[in-house]
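Participant: With the hints as constraints, model all of the structure from the sequences given.
Chain by chain, the residues run as shown.
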Amino acid sequence: GNSVTQMEGPVTLSEEAFLTINCTYTATGYPSLFWYVQYPGEGLQLLLKATKADDKGSNKGFEATYRKETTSFHLEKGSVQVSDSAVYFCALSDTQSPDKLIFGTGTRLQVFP
Amino acid sequence: DAGITQSPRHKVTETGTPVTLRCHQTENHRYMYWYRQDPGHGLRLIHYSYGVKDTDKGEVSDGYSVSRSKTEDFLLTLESATSSQTSVYFCAIRQSPQETQYFGPGTRLLVL
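Quick note, the sequences are listed as chains A and B, same order.
For the first sequence, the numbering used here assigns the number 1 to the initial residue and increments by one for each residue that follows.
For the second sequence, the numbering used here assigns the number 114 to the initial residue and increments by one for each residue that follows.
Calculated from the structure, these hints are not laboratory results.
Glycine included, every Cβ here is placed at the ideal spot set by N, Cα and C.
Do not rely on the hints blindly, as some may be mistaken.
Claimed, not checked - No farther apart than 30 Å at their CA atoms in a straight line, the calculated lysine-lysine pairs in the DSS-like style are these:
#1 B:K166 to A:K100
#2 A:K100 to B:K183
#3 A:K100 to A:K60
#4 A:K100 to B:K124
#5 A:K100 to A:K52
#6 A:K77 to A:K60
#7 A:K52 to B:K170
#8 B:K183 to B:K170
#9 A:K68 to A:K56
#10 A:K100 to A:K56
#11 B:K170 to A:K100
#12 A:K68 to A:K100
#13 A:K77 to A:K52
#14 B:K124 to B:K170
#15 A:K77 to A:K100
Unchecked claim - Partial chain B-side listing against chain A, Cβ under 7 Å, derived:
#16 G155
#17 G176
#18 F203
#19 T213
#20 Q214
#21 F216
#22 G217
#23 P218
#24 G219
Stated by the list, open to error - Output of the computed footprint for chain B on chain A, the stretches with three or more beta carbons under 8 Å from beta carbons of chain B:
#25 31-42
#26 45-56
#27 99-113
Facilitator: Below is the structure:
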């Protein structure tokens with residue numbers, strides 16, 4: 001079945017450091033891929049998405065490229081801020097079953113000044 | 114902001130009591146979802162709805178029921194709460210035909 005694997009956290013960085021959070025997936029068909037962010041005490045917010053191979057999603061300085069050959073959708077940001085501290089979730093949905101959004105376990109990012 | 118509210122935001126209850134959580138949306142979306150969030154599991158789908166009175170089970174539906182008598186409201190009921198249902202519950206909507214789901218603020222439920 002479909003699944004998403006994320007790197008274990010927490011990821012601890014200093015402000016202005018480069019961020020990578022790894023995400024790989026297993027899926028039949030051609031899934032769409034998402035990154036959601038959850039700030040403390042809040043619900044999930046869509047950060048970015050990509051719907052086909054080689055698409056790059058981007059938002060708020062974050063980027064992720066849909067790599068079909070490596071079944072990956074790694075999240076990157078060139079210079080993190082303290083305000084980026086949150087939990088990041090990778091997710092996929094199959095175009096055949098758009099109601100079945102499959103999440104990874106989440107990666108907590110902590111950014112220190 | 115997808116116009117989603119959840120109530121209550123926090124609830125403490127005892128094992129064996131019934132509990133109903135409400136999700137309300139203001140933008141007439143057809144698709145609505147209930148998830149639970151637990152450490153080490155991410156979010157898992159409990160039930161979803163694709164229209165008034167049309168619902169289906171998700172990955173972890175045992176012990177839960179849902180109802181949708183109006184487009185704007187999607188209710189999640191724990192008929193007899195158990196400690197294993199202590200969790201944070203999120204409602205979501207999907208703006209068809211897009212695949213993207215948008216989430217409410219969550220309800221934190223503690224079952225003692």
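Participant: Going through the earlier hints one by one, which of them does the structure break, listed in rising order?
Facilitator: Violated: hint 17 alone.
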